[in-house]
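Student: Protein chains in written order, with this note's numbering: chain A, 1 to 344; chain B, 1 to 344.
To be clear, the hints were calculated from the coordinates, so they are not data collected in a lab.
Below are the SDA-like pairs computed for lysine to any residue, each with C-alpha atoms no more than 20 Å apart in a straight line:
hint, chain 1, residue 1, chain 2, residue 2
1, B, Lys66, B, Arg123
2, A, Lys33, A, Arg46
3, A, Lys268, A, Pro294
4, A, Lys33, A, Tyr144
5, B, Lys303, A, Met106
6, B, Lys289, A, Phe239
7, A, Lys66, B, Ala69
8, A, Lys289, B, Lys289
9, B, Lys268, A, Ala267
10, A, Lys303, A, Glu92
11, B, Lys268, B, Pro294
12, B, Lys66, A, Arg123
13, B, Lys303, B, Glu77
14, A, Lys289, B, Glu230
15, B, Lys268, A, Pro293
16, B, Lys66, A, Ala122
17, A, Lys33, A, Leu322
18, A, Lys66, B, Glu118
19, A, Lys289, B, Asp228
All figures in this text were calculated on a predicted structure; none of them were measured in a lab.
Number of protein chains: 2
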Amino acid sequence: MSPSPTSGQNPKGPLTIAQIADLAGVSTATVSKVVNGRSDVGAATREQIEGLIRSHGYRRQRRPTKSAALIDVLFHELRGLYAIEILNGVQEVAREHRLGVVVSEMGGRHVPGHDWVEEVLARRPLGVISVFSGLETGQSDRLYSRDIPLVLLDPTGDPDPAAPSAGASNWNGGLAAARHLTGLGHRRIAVITGPDRMEAARARLDGFRSGLDMAGVPVDPALVRHGDFEIGTGRDLAFELLRLADPPTAIFACNDGTAVGVYHAAAKLGVRIPEDLSVVGFDDLPKAKWTVPPLTTVRQPLKEMGTAAARMIVSLAAGETLPQQRVELATELVVRDSTAPLRD
Amino acid sequence: MSPSPTSGQNPKGPLTIAQIADLAGVSTATVSKVVNGRSDVGAATREQIEGLIRSHGYRRQRRPTKSAALIDVLFHELRGLYAIEILNGVQEVAREHRLGVVVSEMGGRHVPGHDWVEEVLARRPLGVISVFSGLETGQSDRLYSRDIPLVLLDPTGDPDPAAPSAGASNWNGGLAAARHLTGLGHRRIAVITGPDRMEAARARLDGFRSGLDMAGVPVDPALVRHGDFEIGTGRDLAFELLRLADPPTAIFACNDGTAVGVYHAAAKLGVRIPEDLSVVGFDDLPKAKWTVPPLTTVRQPLKEMGTAAARMIVSLAAGETLPQQRVELATELVVRDSTAPLRD
Numbered sequence: 001m002s003p004s005p006t007s008g009q010n011p012k013g014p015l016t017i018a019q020i021a022d023l024a025g026v027s028t029a030t031v032s033k034v035v036n037g038r039s040d041v042g043a044a045t046r047e048q049i050e051g052l053i054r055s056h057g058y059r060r061q062r063r064p065t066k067s068a069a070l071i072d073v074l075f076h077e078l079r080g081l082y083a084i085e086i087l088n089g090v091q092e093v094a095r096e097h098r099l100g101v102v103v104s105e106m107g108g109r110h111v112p113g114h115d116w117v118e119e120v121l122a123r124r125p126l127g128v129i130s131v132f133s134g135l136e137t138g139q140s141d142r143l144y145s146r147d148i149p150l151v152l153l154d155p156t157g158d159p160d161p162a163a164p165s166a167g168a169s170n171w172n173g174g175l176a177a178a179r180h181l182t183g184l185g186h187r188r189i190a191v192i193t194g195p196d197r198m199e200a201a202r203a204r205l206d207g208f209r210s211g212l213d214m215a216g217v218p219v220d221p222a223l224v225r226h227g228d229f230e231i232g233t234g235r236d237l238a239f240e241l242l243r244l245a246d247p248p249t250a251i252f253a254c255n256d257g258t259a260v261g262v263y264h265a266a267a268k269l270g271v272r273i274p275e276d277l278s279v280v281g282f283d284d285l286p287k288a289k290w291t292v293p294p295l296t297t298v299r300q301p302l303k304e305m306g307t308a309a310a311r312m313i314v315s316l317a318a319g320e321t322l323p324q325q326r327v328e329l330a331t332e333l334v335v336r337d338s339t340a341p342l343r344d
Numbered sequence: 001m002s003p004s005p006t007s008g009q010n011p012k013g014p015l016t017i018a019q020i021a022d023l024a025g026v027s028t029a030t031v032s033k034v035v036n037g038r039s040d041v042g043a044a045t046r047e048q049i050e051g052l053i054r055s056h057g058y059r060r061q062r063r064p065t066k067s068a069a070l071i072d073v074l075f076h077e078l079r080g081l082y083a084i085e086i087l088n089g090v091q092e093v094a095r096e097h098r099l100g101v102v103v104s105e106m107g108g109r110h111v112p113g114h115d116w117v118e119e120v121l122a123r124r125p126l127g128v129i130s131v132f133s134g135l136e137t138g139q140s141d142r143l144y145s146r147d148i149p150l151v152l153l154d155p156t157g158d159p160d161p162a163a164p165s166a167g168a169s170n171w172n173g174g175l176a177a178a179r180h181l182t183g184l185g186h187r188r189i190a191v192i193t194g195p196d197r198m199e200a201a202r203a204r205l206d207g208f209r210s211g212l213d214m215a216g217v218p219v220d221p222a223l224v225r226h227g228d229f230e231i232g233t234g235r236d237l238a239f240e241l242l243r244l245a246d247p248p249t250a251i252f253a254c255n256d257g258t259a260v261g262v263y264h265a266a267a268k269l270g271v272r273i274p275e276d277l278s279v280v281g282f283d284d285l286p287k288a289k290w291t292v293p294p295l296t297t298v299r300q301p302l303k304e305m306g307t308a309a310a311r312m313i314v315s316l317a318a319g320e321t322l323p324q325q326r327v328e329l330a331t332e333l334v335v336r337d338s339t340a341p342l343r344d
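From just these sequences and the hints, can you work out the full model?
Tutor: Here it is in structure tokens:
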């Protein structure tokens, strides 16, 4: 890199990454990490760089070509209403800023292919939102190297722990589900979890366990079943649970799809909801209120999560510092007709 | 327009629109209509232009900037699984051709705003797919003026009758639904339609009526209810139908959402499906097999419709002539557990 023309001086106006690196005596890579909202920079260095930006301002390096008026959204897979809700949130911010939203999906894989990264680099979007999926560190580094910020939404696997992210307060949601069911008098409460590799799924289970524990209800390992957020798996695991010698009187299904599977198993076995079995879901997708009976579920604000992630991209692309690295939006229990007090 | 350098000569190699117009003695607008697959050009002129393209080949005019490796997909609204299925089809073609898919939605309006057209012109995609929505003629003309082809998917209203389109054989689907129900012995068969302004909805109703007629079953006007493809409306209209002095023993719901509404009304009134009431839907969205009981429905190949529309864009952008202006994909009745023979 050629020496900055402002080297050693006190430059006027907003600084480029090279100028900040120069003044702070660090590498441009380190400055890039700070301006792209990553957490893997020492506190003192971060503070120094943020101080320089606060007093001088920051402008993106001149790019070979200007970035396009696009936001890239990468989905693990395009299935179900989950993706639609998030897209609606992203669209809201995109309309406001007159940005196009480019949607990609990985056909069920959790790490995108080489081609995808190359296409994004060629497109030069304002930034990338990666939903329920993880870029490998090498891939996110390629984005950073071109100054394309990345925000994770419901990260899974080991995507890039340093990247900014948005999500729902999953733990509190699991807690609320457990409290609702214990409050109705249930003691034999089963749970069908989501994929173990997914942070959101683990947090829901942990919150649920804590809720039972706080209510003095023991967690019976026979009533904990490991699912994958698919309807068919929910049905199969619910079959197993409802056929136990001492079956549960309530099931916490860790997403709405799993709850639909539980409904199916119950219908086949003649188990009535909520008379014989209480069911709590998680998501509150638009379909939840249209199940028969309407589903009690933990609402996560998917649209708002999309909005939050898109706002983070717009801020980062404008050279602003994120007020927080992780935006966590509140979940809320929505009580409908699938839960009832335990019958004597 | 300055005179073409090839004026009066017989140029070698692929022709531009200006050269074709010159040779055919027509305006460039007319040539543009033919190469963009529109039908509003007289047969003789069309033949002449296609003849020139066949013998010389055709190359797109030099554009001020190259078109971006993008396909724009415009939705009426991003709700429900319908949009997801279509997007998956578009993605398949996009991956093959390494194109980004830009998704826009109009928040429920059926004609996009001025801003949207300007943004598309600035983005310069390979082409635009407009789903369940209609561009005004002035808007599509602006796209054509920049040589951006447009393909309609399930057009509604009066979008641009000249534009190429893709869709399902809705009439045949309506016919199949009626035949299935009359074959089971039903005679009191109700229908809850979709929006009257939507071609697909009208075709389903017409096919259904013809099916009843061919089976010698009279259409009782009291059993025809005008819906809008919304679950809530389906529920309300089904309530009305099931409370008639002489209620129907079967309902054809013109989309799966409406069928979910019928399930709800039936559950509230203690009407059992299929014992007391047979229900046929239309769409076969992934959720249809997960209703309780699983829904008998007319499958429309939404994913394949998305694929077909995207392939039309790729062909038009490559300067090829479409083999057909309207691609219609077959529908198919999928029999599950929501229909049963009429009980004595």
